[in-house]
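Asker: So you can see what is in the structure, the chains are spelled out below.
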Amino acid sequence: MDSHADAKAQDLVDNITGALQQGNSPDPIVDLSDGAHDEYVDLVSLIQGLRDTLVPVEPSAEFAAHLKTQLLISEAGLVARLRKMPARLHVAAILALFAGFSLLLSRRLFGASTAQDISEEPVATAL
Amino acid sequence: MQKLFARRKKYKTLDDRALVELAAADKEAFGELYERYLTKMYNYVYYRTGNTHDAEDLTAKVFQRAMSHIGTYVDRGLPFQAWLYRIAHNLVANWHRDQGRRKIIALDDFVAHSLQSEAPDRWTEEQEEQKHLMEAVRRLPEDRQQLLLLKFIEQLSNAEIGEIMGRTEGAVKSLYHRTLLALREDLQRQDDIGAARRLSGKEG
Numbered sequence: 001m002d003s004h005a006d007a008k009a010q011d012l013v014d015n016i017t018g019a020l021q022q023g024n025s026p027d028p029i030v031d032l033s034d035g036a037h038d039e040y041v042d043l044v045s046l047i048q049g050l051r052d053t054l055v056p057v058e059p060s061a062e063f064a065a066h067l068k069t070q071l072l073i074s075e076a077g078l079v080a081r082l083r084k085m086p087a088r089l090h091v092a093a094i095l096a097l098f099a100g101f102s103l104l105l106s107r108r109l110f111g112a113s114t115a116q117d118i119s120e121e122p123v124a125t126a127l
Numbered sequence: 001m002q003k004l005f006a007r008r009k010k011y012k013t014l015d016d017r018a019l020v021e022l023a024a025a026d027k028e029a030f031g032e033l034y035e036r037y038l039t040k041m042y043n044y045v046y047y048r049t050g051n052t053h054d055a056e057d058l059t060a061k062v063f064q065r066a067m068s069h070i071g072t073y074v075d076r077g078l079p080f081q082a083w084l085y086r087i088a089h090n091l092v093a094n095w096h097r098d099q100g101r102r103k104i105i106a107l108d109d110f111v112a113h114s115l116q117s118e119a120p121d122r123w124t125e126e127q128e129e130q131k132h133l134m135e136a137v138r139r140l141p142e143d144r145q146q147l148l149l150l151k152f153i154e155q156l157s158n159a160e161i162g163e164i165m166g167r168t169e170g171a172v173k174s175l176y177h178r179t180l181l182a183l184r185e186d187l188q189r190q191d192d193i194g195a196a197r198r199l200s201g202k203e204g
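Protein sequences, first through last, are from chains V and D.
Under the numbering used here, the first residue of the first sequence is numbered 1, with each subsequent residue one higher.
Under the numbering used here, the first residue of the second sequence is numbered 1, with each subsequent residue one higher.
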């Protein structure tokens, strides 16, 4: 097949596919195929078969929702969100953290000495 | 919360290019891209792997990889989906390599629903034909399978397919023609083999 005939055949096949995908009859296009009518009739049935076999499928709603959650609320997502918080929230978070540590530290220090005081008190014995 | 909804609404009006720029720092922008391309990626991977389990697994990997690399995405004038398809294509190729074999798609999962309303015997016959056709499609080289999926499932034009596959519109048209001829030849060969087997079975 020379390049001109090749290009013509490619155009015909492409146009037949387009017609079938749009729900139109490919017959007027096949009629343009001169002597190779039978060959194109064969291809029409193959293209129809592909159109009917390769049909779109949908992912399950459960999978779609789960994956989206996984992607958007990942560890990296949380870090990015924290970074985007206003500066005053950062300061508040640091202060809260500092206050928490101070409280823990003071409890440990003063709490321990109080416990020690109590343990050192003489134990009253019943006579 | 209202701010978030307003932002999501705004993202729906943005084109892919604007969303990609935002997505590097904003997960909600990536979420909008995810909504736009989830079904396309899923379809591509589903038909290339042939089962729901691997399709879900690989689709998740496509978006995880896209999300982790979106910051380094370079706009070369190609549609964003071309980049996603490339990621999917590479993952599927790796999957096939790992499998070491090509599974046959369980056609029962995706036989055209329109056929189910027809007479049961006709439906079974159509199902069988579609199964043979799908098996033949899966024997094609990867680039030809990709072309058929983009043409029939995504219904993309030759120019759009060319952008995704890195070929000219003319090259896509030519590849499509050659693919159909190869497919027809393969189906005829399979028919001949089947006929020969049936004949030898009768004789035996």
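These are calculated hints, taken from the structure and not from any lab test.
Note that CB positions come from ideal geometry on N, CA and C, so glycine has one too.
Where hints are given, some of them may not hold.
To be verified - Here are the simulated BS3-like cross-link-like pairs (lysine-lysine), alpha carbons at most 30 Å apart as the crow flies:
#, chain 1, residue 1, chain 2, residue 2
1, D, Lys173, D, Lys131
2, D, Lys27, V, Lys68
3, D, Lys40, D, Lys10
4, V, Lys68, D, Lys40
5, V, Lys68, D, Lys10
6, D, Lys27, V, Lys8
7, V, Lys8, D, Lys61
8, D, Lys10, D, Lys27
9, D, Lys40, D, Lys61
10, D, Lys12, D, Lys27
11, V, Lys8, D, Lys9
12, D, Lys131, D, Lys27
13, D, Lys173, V, Lys68
To be verified - Label-pair ranges, simulated between beta-carbon atoms:
#, chain 1, residue 1, chain 2, residue 2, range
14, V, Ala87, D, Ala159, 45 to 51 Å
15, V, Ser106, D, Asp15, 55 to 61 Å
16, V, Glu62, D, Arg138, 50 to 56 Å
Stated by the list, open to error - Partial selection, computed: residues in chain D whose CB lies under 7 Å from chain V:
#, residue
17, Tyr11
18, Leu14
19, Glu56
20, Leu133
21, Arg167
22, Ala171
Asker: Determine for every hint whether it applies to the structure shown.
Answerer: Hints and how they fare:
| no. | hint | verdict |
| --- | --- | --- |
| 1 | D:Lys173 with D:Lys131 | holds (26 Å) |
| 2 | D:Lys27 with V:Lys68 | holds (10 Å) |
| 3 | D:Lys40 with D:Lys10 | holds (23 Å) |
| 4 | V:Lys68 with D:Lys40 | holds (15 Å) |
| 5 | V:Lys68 with D:Lys10 | holds (19 Å) |
| 6 | D:Lys27 with V:Lys8 | violated (49 Å) |
| 7 | V:Lys8 with D:Lys61 | violated (42 Å) |
| 8 | D:Lys10 with D:Lys27 | holds (14 Å) |
| 9 | D:Lys40 with D:Lys61 | holds (14 Å) |
| 10 | D:Lys12 with D:Lys27 | holds (14 Å) |
| 11 | V:Lys8 with D:Lys9 | violated (47 Å) |
| 12 | D:Lys131 with D:Lys27 | violated (41 Å) |
| 13 | D:Lys173 with V:Lys68 | violated (36 Å) |
| 14 | V:Ala87 with D:Ala159: 45 to 51 Å | holds (49 Å) |
| 15 | V:Ser106 with D:Asp15: 55 to 61 Å | holds (57 Å) |
| 16 | V:Glu62 with D:Arg138: 50 to 56 Å | violated (28 Å) |
| 17 | Tyr11 | violated (13 Å) |
| 18 | Leu14 | violated (17 Å) |
| 19 | Glu56 | holds (5 Å) |
| 20 | Leu133 | holds (5 Å) |
| 21 | Arg167 | violated (14 Å) |
| 22 | Ala171 | violated (10 Å) |
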